[in-house]
Amino acid sequence: MQQRSRIDTMDDKSARNGDRPTSLDIELDLHDGTIQALFGVGLKLEYCMALVDESPEQAKAGLDAAISNLSDLIETLRSRIHEIR
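Heads up: the sequence shown at position 22 corresponds to 26 in my numbering, and the numbers run straight through without jumps.
Treat each hint with caution, since some may be false.
[Said to hold, decoys possible] Using C-beta positions, here's what the derived DEER-type ranges look like: (1) Glu50 - Glu87: 39 to 45 Å; (2) Ile78 - Met53: 18 to 24 Å; (3) Asp36 - Glu58: 32 to 38 Å; (4) Gly46 - Arg82: 18 to 24 Å; (5) Val56 - Asp23: 28 to 34 Å.
Rather than coming from a laboratory, the hints here were simulated on the basis of the structure.
Note that beta-carbon positions come from the ideal geometry of N, C-alpha and C, so glycine has one too.
Based on the sequences and whatever the hints tell you, model everything.
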């Protein structure tokens, strides 16, 4: 989740131009960043389910990573919401 999202780039432009991101900019950021990140967490959780019986420790590590990804995503969303207000 450390990659710069499209809205980060837009924020850089907005800071120079004094503009706020448009609704299309926000929509694109949600699609390209947030939804894909959630999809990635879902895939990780599915993988963990497949590992539960044969490798519980690896499944636990994957679950820990998924929880961390979700926490990062929540923090990013809170930040974006604050920026939009």
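>> Flag every earlier hint the structure violates by its number, smallest first.
In response: Of the numbered hints given earlier, those the structure breaks are 1 and 5, listed in rising order.
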